[in-house]
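Using the sequences plus the hints, can you model the full thing?
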Amino acid sequence: MTVRTAWLSFMTAAVVVGVPAFAAAQLPSSFQTPGGKGKANEAQVCAADFEASAKPIAKWQRDQALERYGKRPEDFTGELDHLIPVGLGGNNDPDNIWPLPSNKDMGPEQKKELDLKLRQLVCTDKTVKLKDAQDAVKKDWVKAYNQYVKGAK
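Under the working numbering, the letters of the sequence shown match residues 1 to 153, in that order.
Please keep in mind that the hints were generated in silico from the structure rather than gathered at the bench.
Incorrect hints may have been included.
The calculated DSSO-like cross-link candidates involving lysine-lysine, where the alpha carbons are at most 27 angstroms apart (straight line), are [stated by the list, open to error]: (1) K143 to K39; (2) K129 to K39; (3) K150 to K126; (4) K126 to K71; (5) K126 to K143; (6) K104 to K126; (7) K112 to K59; (8) K39 to K55; (9) K126 to K39; (10) K150 to K55.
Distance windows between CB atoms, simulated [what the hints assert, rightly or not]: (11) K126 to P73: 35 to 41 angstroms; (12) V149 to A58: 26 to 32 angstroms; (13) E51 to A152: 20 to 26 angstroms.
Built from N, CA and C at the ideal position, the CB exists for glycine as well.
Right, dumping it as structure tokens:
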């Protein structure tokens, strides 16, 4: 299968299932980025100093995550994102890091907005369980954004 044929198959599938092209483009590959989380429970995640205790992404983690997407680490200038946010127990494993494409409709700003909203719902409002928030982001962050952020406006 050529790259062109594969792209056409992808776009056809996206149209058939009704996925907007911009939304499909913003989702990480579940093969390259299945998501990764630590063992922190809800009480630990919701502690005031939890996010501050997070370690920065190591060079090897960054490089491995980028290489999974065919990107040369030395040339990459975009934004890396934790699929499961650190504030919800996500870790720095390359399984949880991906190059989030810039997009004014569904890009880094919207992902950050979702991360903050879910943390509020888990830790402050206590209306969403930690595992449910992690699973929602892991499965389809764009859908979670539409449900928890847009749906709440």
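Evaluated hints:
1. K143 to K39: The given pair, whose Cα atoms are some 25 angstroms apart, holds under the 27 angstroms limit.
2. K129 to K39: Distance ~15 angstroms between K129 and K39 Cα, so the pair holds.
3. K150 to K126: 19 angstroms, holds
4. K126 to K71: Judged against 27 angstroms, a Cα distance of about 39 angstroms means the pair is violated.
5. K126 to K143: 21 angstroms, holds
6. K104 to K126: Violated, at about 30 angstroms.
7. K112 to K59: 22 angstroms, holds
8. K39 to K55: Holds, at about 15 angstroms.
9. K126 to K39: 19 angstroms, holds
10. K150 to K55: Roughly 31 angstroms separates the two Cα atoms, so the pair is violated.
11. K126 to P73: 35 to 41 angstroms: This hint holds: roughly 40 angstroms between Cβ atoms.
12. V149 to A58: 26 to 32 angstroms: 31 angstroms, holds
13. E51 to A152: 20 to 26 angstroms: 22 angstroms, holds
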